[in-house]
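Residue strings, one per chain:
Number of protein chains: 2
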Amino acid sequence: MEELRIPGPTPIPEEVLQSMTKQMINHRGEEFAVMLNRVTHNLKQLFQTRNDLYLLTASGTGGLEAAIVNMLSPGDKVLSVAVGVFGERFGIIAEKFGAEVTKLNFEWGTPADPAEVRKALQADPEIKAVLVTHNETSTGITNDLAAISAVVKEAGKLLLVDAISSLGSIKLPVDEWGCDVAVSGSQKGWMVPPGLAMVSISPAAWEAHAEATMPRFYWDFSQAKSYFEKEQTPWTPAISIVYALYASLDTIMKEGLEEIIARHHRVANVARDGIKSLGLVLYGDEAYASDTVTAVRSESGHNIKKIIRIMREEHDIVLGGGQQRLDGQIFRIGHLGWVNEGDIEKVIEALKVVLPQTV
Amino acid sequence: MEELRIPGPTPIPEEVLQSMTKQMINHRGEEFAVMLNRVTHNLKQLFQTRNDLYLLTASGTGGLEAAIVNMLSPGDKVLSVAVGVFGERFGIIAEKFGAEVTKLNFEWGTPADPAEVRKALQADPEIKAVLVTHNETSTGITNDLAAISAVVKEAGKLLLVDAISSLGSIKLPVDEWGCDVAVSGSQKGWMVPPGLAMVSISPAAWEAHAEATMPRFYWDFSQAKSYFEKEQTPWTPAISIVYALYASLDTIMKEGLEEIIARHHRVANVARDGIKSLGLVLYGDEAYASDTVTAVRSESGHNIKKIIRIMREEHDIVLGGGQQRLDGQIFRIGHLGWVNEGDIEKVIEALKVVLPQTV
Numbered sequence: 009m010e011e012l013r014i015p016g017p018t019p020i021p022e023e024v025l026q027s028m029t030k031q032m033i034n035h036r037g038e039e040f041a042v043m044l045n046r047v048t049h050n051l052k053q054l055f056q057t058r059n060d061l062y063l064l065t066a067s068g069t070g071g072l073e074a075a076i077v078n079m080l081s082p083g084d085k086v087l088s089v090a091v092g093v094f095g096e097r098f099g100i101i102a103e104k105f106g107a108e109v110t111k112l113n114f115e116w117g118t119p120a121d122p123a124e125v126r127k128a129l130q131a132d133p134e135i136k137a138v139l140v141t142h143n144e145t146s147t148g149i150t151n152d153l154a155a156i157s158a159v160v161k162e163a164g165k166l167l168l169v170d171a172i173s174s175l176g177s178i179k180l181p182v183d184e185w186g187c188d189v190a191v192s193g194s195q196k197g198w199m200v201p202p203g204l205a206m207v208s209i210s211p212a213a214w215e216a217h218a219e220a221t222m223p224r225f226y227w228d229f230s231q232a233k234s235y236f237e238k239e240q241t242p243w244t245p246a247i248s249i250v251y252a253l254y255a256s257l258d259t260i261m262k263e264g265l266e267e268i269i270a271r272h273h274r275v276a277n278v279a280r281d282g283i284k285s286l287g288l289v290l291y292g293d294e295a296y297a298s299d300t301v302t303a304v305r306s307e308s309g310h311n312i313k314k315i316i317r318i319m320r321e322e323h324d325i326v327l328g329g330g331q332q333r334l335d336g337q338i339f340r341i342g343h344l345g346w347v348n349e350g351d352i353e354k355v356i357e358a359l360k361v362v363l364p365q366t367v
Numbered sequence: 009m010e011e012l013r014i015p016g017p018t019p020i021p022e023e024v025l026q027s028m029t030k031q032m033i034n035h036r037g038e039e040f041a042v043m044l045n046r047v048t049h050n051l052k053q054l055f056q057t058r059n060d061l062y063l064l065t066a067s068g069t070g071g072l073e074a075a076i077v078n079m080l081s082p083g084d085k086v087l088s089v090a091v092g093v094f095g096e097r098f099g100i101i102a103e104k105f106g107a108e109v110t111k112l113n114f115e116w117g118t119p120a121d122p123a124e125v126r127k128a129l130q131a132d133p134e135i136k137a138v139l140v141t142h143n144e145t146s147t148g149i150t151n152d153l154a155a156i157s158a159v160v161k162e163a164g165k166l167l168l169v170d171a172i173s174s175l176g177s178i179k180l181p182v183d184e185w186g187c188d189v190a191v192s193g194s195q196k197g198w199m200v201p202p203g204l205a206m207v208s209i210s211p212a213a214w215e216a217h218a219e220a221t222m223p224r225f226y227w228d229f230s231q232a233k234s235y236f237e238k239e240q241t242p243w244t245p246a247i248s249i250v251y252a253l254y255a256s257l258d259t260i261m262k263e264g265l266e267e268i269i270a271r272h273h274r275v276a277n278v279a280r281d282g283i284k285s286l287g288l289v290l291y292g293d294e295a296y297a298s299d300t301v302t303a304v305r306s307e308s309g310h311n312i313k314k315i316i317r318i319m320r321e322e323h324d325i326v327l328g329g330g331q332q333r334l335d336g337q338i339f340r341i342g343h344l345g346w347v348n349e350g351d352i353e354k355v356i357e358a359l360k361v362v363l364p365q366t367v
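The listed protein sequences derive, respectively, from chains A and B.
Per the numbering used here, the first sequence starts with residue 9, numbered consecutively.
Per the numbering used here, the second sequence starts with residue 9, numbered consecutively.
If you are wondering where the hints come from, they were derived from the structure by calculation, not from laboratory data.
A quick note: this is a predicted structure, and the numbers were derived from the prediction, not measured.
Heads up, some of the hints might be wrong.
It does not matter which identical chain is meant; a pair holds if it fits inside one copy or across any two.
Distance condition first, Cα-Cα at most 25 Å in a straight line; then the derived DSS-like pairs of lysine-lysine [stated by the list, open to error]: (1) Lys136 to Lys104; (2) Lys314 to Lys238; (3) Lys262 to Lys104; (4) Lys85 to Lys30; (5) Lys238 to Lys104; (6) Lys313 to Lys238.
I would like the entire structure built from these sequences, with the hints used as guidance.
Given below as structure tokens:
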């Protein structure tokens, strides 16, 4: 049995897997309404938000597209703050839908610099919204979203946050940090299969939505709102993933958000300390190292692809590779959701065996 | 245990439910590649197509949006042929994305008239594409897609087909009938939970795609194509629904498409004969009555909403209601996917008990 140590999808607890054996129900009936309300209520607690929050049947990328097309009009100026693959993707989506995107791309492995964000906003007062990735899984970097938010809010701009791999795992108080739209995805810290994106929408975001003219139908937040008032989703939802989320949120609420965040930090420390003890090197700025994914490189000539292959073939541990120009340059250990210190110690133990075979 | 007799989601066989208890795997790894290839291969057989076919993580409505934004440019002229809620929705999606839509709406309960489609195409030679719903679940009508297709192809137009509730249940040879894009959804005849849409794309559709400028990212067929060449999906797919589809397609292939279509016809006849034997009336033109859903009205003053409620509360059978202006006017019996004659006989028996309580 392989153990998934990639930054999503994440392993799923047995009781959550079992919850999906429940037979289908009418998604326009009372039983589904009860589940939808409960799931939404719990997610709002974990987003730490009083904003509206909706489920979309989609991958996380669909949630990002929804954030763009609901907030913006073609020609709107947008500042895209990117520190890796997913940050850059968020900006590309905005471009595809006709936004005028200023790209503030930081060197991969470094975090976004709030002072640079301020400068960019001052340089073009017409910018309407800022796109930021909270936790960049491609490089293992967590941005200082509180500081970035302060700058964005000081300038009075909308803040659209890709929180796909941070919400529910890393501290992100959505309201306190002024996230106008925050997007997460079920296959990350939520311990649920992929198929649902979650989006929260602030009052300022609703005002922007009312003016926004990018074309939309499936992603339309107004549709989500009007159906949610009937305790439904506009289109047939991924019911079995809702079952899973209903079950996993129970576990999550019992453990408590603060303890979950602390656990992710402890587990990440095991990963980082372990990597260094093996003579490997953390990719990127350790002061901003992510608590959900650790990116690793070698300065001793290890064959990274061979490490990933032997770890899987001989130790049943599935690691993530590098994406785009990091392909073959780094491997990534995912440690979010259903994970504890012992799980990551096993990864480090296995790496200790594998490394000598891969120089 | 309630029995779902709505036109989707449909009940799911036990072995398919159990297939979803499998732990998550890497969606960029070999095991997923094998499943994706097998699922795609089987679906192509059942679509009776040699066209490309991709899975999208979305509700069926997402698949329809994908068909629109991949085929058209803003300002393109489109003929929307509608016989109910879902047909009208298809046209609305095209409008939202800036197509110039000619609406050929037929009276609910009647099928689309191919002669009228021909007239509409002759009246405006600039029309580029025709949108048609094969099986309209809101009214229980199956359009004569072969005849409509002949007219559309004679005029040399693109044919975009909502086959969400027909493919895999009702005869629809995608290539023979010239469907340039055909869309289905997992929660219909496929006996799988909602969360995946399937789209097939003809060579002519690919040509249209290359010219089409509607904005798109998540739905982009080019992305689907380039990732499928690597045996992946562009965005994290709904893995547990892929597990379910993998399992259900095995069952489906064993039964065989011809027998499945014949079974749906037999089951639908049980529904129609049963309804008439109870003194109720089929909604719409019986010559075009759907083999996946039967829409029913009463000419004897039955309270339709009460029928639906008592059927659920006292007989554990969940029927569909009427949508939009048919709310309270009809109920609908879904009979697609995992259903046999006995299942529908049970519905008729229960209705026999309920009807006297609802006049």
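Evaluation of the provided hints:
1. Lys136 to Lys104: Close inside one copy (17 Å) and across copies (23 Å); limit 25 Å.
2. Lys314 to Lys238: For lysine 314 and lysine 238, the Cα distance is within 25 Å only across copies (20 Å; inside one copy 53 Å).
3. Lys262 to Lys104: The answer is neither: 42 Å in one copy and 44 Å across copies each exceed 25 Å.
4. Lys85 to Lys30: neither (46 Å within a copy, 45 Å between copies)
5. Lys238 to Lys104: between (33 Å within a copy, 24 Å between copies)
6. Lys313 to Lys238: between (51 Å within a copy, 17 Å between copies)
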